[in-house]
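K.L.:
Each chain, letter by letter, is given below.
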Amino acid sequence: MTFLIAQTEEPSLWSPEWLPLLPKRLVENLLEHFNAPEWLISLGGTGAGAATVLAVFMTGFALLSLIERKTLARVQNRIGPNRAGWFGILQPVADGIKMLTKEDIVPAKAEKLLHLLAPILIVVPAILALGVLPYGKEWIPVPMELGLLFFFAVGSLTELAVFMAGWASGSKFPMLGAMRAISQMVSYELPLVLSAIAVIMVSGTLSLPDIVSQQGGFHLGFLPAWNILTPWGLVGGLVFFIASIAEANRCPFDLPEGESEIVAGHMTEYSGFKYALFFMGEYLGLFAISGLGVTLFLGGWQAPLPGLDFVPSWIWFFGKLAVIIFFFLWIRATWPRLRMDQLMRFGWLGLIPLSLLTIPAAGIWSLLQRSQHGLLAWLVTVPLLLVPFVIMTVLFNKRLARSNRTYRFAES
Amino acid sequence: MIALLILSPLILLAALGAVWKARPVHAALLLALTLSLGGALYIALGAGFLGLVQFMVYVGAVAVLIVFSLLITRPRDEVEEIARRPKSLLPGLLCTLPLLAVLLYAVGRNVPETTTEAVELPIKRIGELLFTTHAPAVLAIAILLTAVLLGAALFAREPSKKP
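In the order they appear, the protein sequences are chains V and F.
Count the first sequence with the working numbering and you get residues 1 to 412, in order.
Count the second sequence with the working numbering and you get residues 413 to 575, in order.
What the hints contain is simulated information worked out from the structure, not anything from laboratory work.
Please note that a few of the clues may not be correct.
Claimed, not checked - One side only, chain V facing chain F, incomplete, derived with CB under 7 Å: (1) Val142; (2) Leu146; (3) Glu159.
Claimed, not checked - Calculated pairs, BS3-like style, for lysine-lysine (alpha carbon to alpha carbon, straight line, at most 30 Å): (4) V:Lys98 to V:Lys112; (5) V:Lys112 to V:Lys102; (6) V:Lys172 to V:Lys98; (7) F:Lys433 to V:Lys109; (8) V:Lys98 to V:Lys70; (9) V:Lys112 to F:Lys433; (10) V:Lys109 to V:Lys98; (11) V:Lys172 to V:Lys109; (12) F:Lys433 to V:Lys172.
Backbone N, C-alpha and C define an ideal beta-carbon position, used for all residues, glycine too.
This is chain V alone, in the form it adopts within the complex (with noise of 0.2 Å):
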């Protein structure tokens, strides 16, 4: 099948680049050596290949799970989980135990089939699109020549999953949370999806390993040539993050599942294990959209600084993801929650003309980077993106400042 890109084999076993990937080749060689059929080899070594994925991110799971709630601690000034283990490093397996032995309720109204359903279409999506990114150089667990494409295309079940979650419930918090939910992602995936396109235009391929491998080297000797270090690549990059926060329903795009507004949104009818998967399906969620970001804007895999090349290039790339995580925590830490006005206008009116300006910007980019006309390249591409947003910002401001805040229901 053409579908998929053939990998280049086959170096020494235990080379640190190919650490990851040791699983899967034990696995296969196992099989070839007791004469297995060749579909045989292929699945067993796919099967492997997946497992050290999931477990890569379910240890990352669990262990965001405890940084989370630590690092808020501190922020609040607090110490935050320290009764399990050692600085409370057995939380994640406590919460786990806990979620496991709780008892699952479905709620009487509830379409059975429908409320079963939902929490399994969550964790799905999430895991298909872990498999396509490139961790480092060798291990890219499905290489896809239309990697991005299947990226997105997976990734729009969610919002199915989330409106069978909260129409199946058939109680009234789950359905707000679903219609904030479903709103929110549709205005946010537009903007991601756009300043994703800009990346397609100067890299010409779907394929995220050969994105990766176009951000290779460095602009006068020390600059990683990234796509976030371009004018369009930084406008980009940062509306791709904000979108991914929101489509990550994360703080301050919380509002789906805002506690004290709607309970816990779409989510409020569930116990037990299937709450747990709902959890699962979002941090895996987050993992693998700002894995995407990494992949995109930051280089992938790509070392920041020359010289650095010793070390594995998955190291580099859970690096880079462990930093944009951490941004994530401390904006969740320090932002308040926006009003769904103002989610909107700021999705509507911010972002999304912001990534639109971002798709000529790197038209022109390329056009001129292609023509040896660098220095003109800059010229032309910052104005284009610093003058609307400039305007944009303004204006904004002075709506902000004209405005009063109306209470329309609270009112005494």
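For this one, chain V is given, so just place chain F on it according to the hints.
P.N.:
For chain F alone, coordinates are given in the frame of chain V:
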């Protein structure tokens, strides 16, 4: 071939379910299933790009749009009532049969030289074709869809009460 044999009855079943289900939400979800299975069929037949685009556009946008409009307008009772009426079968058939005839005629008239091996266009070529040869059609569809959306929004909106 195996994929075709497995997928096409599933698609038919899902599509029939989407038509027969009385509750609009079930029908919408089954429609989403039908469309995504169609995408899977494209991928199985070697048209990966088309399949993924089908997923993104029809499942990610069209199905979500339908579902969202169901959430906002909540047409539950009346639509269920209408769907249960056997009377609605006749107008439905009257609408779909001519369409089916036209489609059959169109497909039957230009049967291409049958090829057994899949011919895959590179993505760049698809993009070039879309934005040069077929650009008028793309633009026309875009305008039509916008008009449809605006019309639907106008219809669905309740007459606003003056405060």
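K.L.:
Hint by hint, say whether it matches the structure.
P.N.:
Going down the list of hints, with the structure as the test:
For Val142 (chain V), the suggested interface contact is broken, since its CB lies about 12 Å from the closest CB of chain F, more than 7 Å. Taking 7 Å as the C-beta contact cut-off toward chain F, the hint placing Leu146 (chain V) at the interface holds, the least distance being around 6 Å. A least Cβ separation of about 5 Å between Glu159 (chain V) and chain F falls short of the 7 Å threshold, and the interface hint therefore holds. For the proposed pair Lys98 (chain V) and Lys112 (chain V), the alpha carbon gap of about 24 Å is at most 30 Å, so the pair holds.
Proposed proximity of Lys112 (chain V) and Lys102 (chain V) is supported: the alpha carbons are some 19 Å apart, at most 30 Å. With a CA separation close to 27 Å, the supplied pair Lys172 (chain V) and Lys98 (chain V) stays within the 30 Å bound. Proximity of Lys433 (chain F) to Lys109 (chain V) is assessed by CA-CA distance (about 19 Å); at most 30 Å being required, the pair is judged to hold. Taking the CA atoms of Lys98 (chain V) and Lys70 (chain V), the gap is near 19 Å; set against the 30 Å cutoff, the hint holds.
Simply put, Lys112 (chain V) and Lys433 (chain F) have alpha-carbon atoms about 17 Å apart, close enough for the 30 Å limit, and the pair holds. This hinted pair checks out: Lys109 (chain V) and Lys98 (chain V) have alpha carbons roughly 26 Å apart, not beyond 30 Å. Between the alpha carbons of Lys172 (chain V) and Lys109 (chain V) the distance comes to roughly 11 Å, so the proposed pair stays at or under 30 Å and holds. Our distance criterion of 30 Å between C-alpha atoms is met by Lys433 (chain F) and Lys172 (chain V), whose separation comes to about 24 Å.
In the structure shown, a violation is registered for the earlier hint numbered 1 alone.
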